[in-house]
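> Let the hints inform the model, and build the full structure from the sequences given.
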Amino acid sequence: LREITWVLHGVPRSIMPPSGSPDAGSVEFSDAYQGALNGRSVTFANAWSSVPSLSGMPSSEGVAVCAVELSTAIDLLSVQPRSFPPVLQLRETPAGSPDFARRFLVQATASAARLEPAERHLVEQILTENVQRLMMARGDWFFRISPYTLTCITKGPFSSVGELGQQ
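Using our numbering, read the sequence shown as starting at 1 and increasing by one per residue.
It is worth saying that the hints were derived from the structure and are not from the lab. Where a beta carbon is used, it is the ideal one built from N, C-alpha and C, also for glycine. Warning: the hint list may mix true and false statements.
[To be verified] Using C-beta positions, here's what the derived DEER-type ranges look like: (1) E129 <-> S26: 33 to 41 Å; (2) L76 <-> G139: 20 to 28 Å; (3) S26 <-> L76: 19 to 27 Å; (4) P12 <-> L70: 32 to 40 Å; (5) P86 <-> L54: 17 to 25 Å; (6) G56 <-> F84: 22 to 30 Å; (7) A101 <-> D31: 28 to 36 Å; (8) R13 <-> N38: 37 to 45 Å; (9) L76 <-> T128: 15 to 23 Å; (10) P98 <-> V27: 29 to 37 Å; (11) M136 <-> P12: 25 to 33 Å; (12) D75 <-> T43: 14 to 22 Å.
What follows is the structure, given as structure tokens:
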């Protein structure tokens, strides 16, 4: 989440501290809401990170986070707009229509990219045509799927409850 915040706020990779270093800072959450929607746990929150700058004076910047419980465990899958540098150091995983592939970088762990018994790619099972269409409606969201959670992250914190509904 911290690295996504940095990328969304234009921090060059050359000045990003390594993830595990004390200089990387922490992520703090505010304005959190958790509830249930259609029987699934849904969490909305604003996440704040210290963002490094070329001047050496970091600033605190926010992102909006929406996390939705999944019904099954899925290994790491990342979908991010190609307009931003890759956050993860995983190989690109082919997925989606040519238009989707031009706009989004899809990365998955080897186990998430495995073939299923039906010989269908797990990534393709997740990134259905309808899901791709929904993702392409917004070009500024980062999507992370990790065991039991789909997390969507975008630049700037939520500013109102109405905005939560729109997102």
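> Hint by hint, note whether the structure agrees.
Hint-by-hint comparison with the structure:
For the pair E129 and S26, the supplied restraint of 33 to 41 Å holds, since their beta-carbon distance comes to about 39 Å. At about 22 Å, the CB distance of L76 to G139 agrees with the hint of 20 to 28 Å. In this structure the hint that S26 and L76 lie 19 to 27 Å apart at CB holds, the actual value being about 22 Å. With their beta carbons about 34 Å apart, P12 and L70 fall inside the hinted range of 32 to 40 Å.
Separation of P86 from L54 is about 21 Å and conforms to the stated range, judged on CB atoms against 17 to 25 Å. The hint said 22 to 30 Å for the Cβ distance between G56 and F84, and at roughly 23 Å that hint holds. For A101 and D31, the hinted distance range of 28 to 36 Å is satisfied, since their beta carbons lie about 35 Å from each other. A C-beta distance of roughly 39 Å is found between R13 and N38, which places it inside the suggested range of 37 to 45 Å.
Against the hinted window of 15 to 23 Å, the Cβ-Cβ separation of L76 and T128 comes to about 19 Å, which satisfies the hint. For the hinted restraint 29 to 37 Å between P98 and V27, the CB-CB distance of approximately 35 Å keeps it satisfied. With their beta carbons about 27 Å apart, M136 and P12 fall inside the hinted range of 25 to 33 Å. For the pair D75 and T43, the supplied restraint of 14 to 22 Å holds, since their beta-carbon distance comes to about 21 Å.
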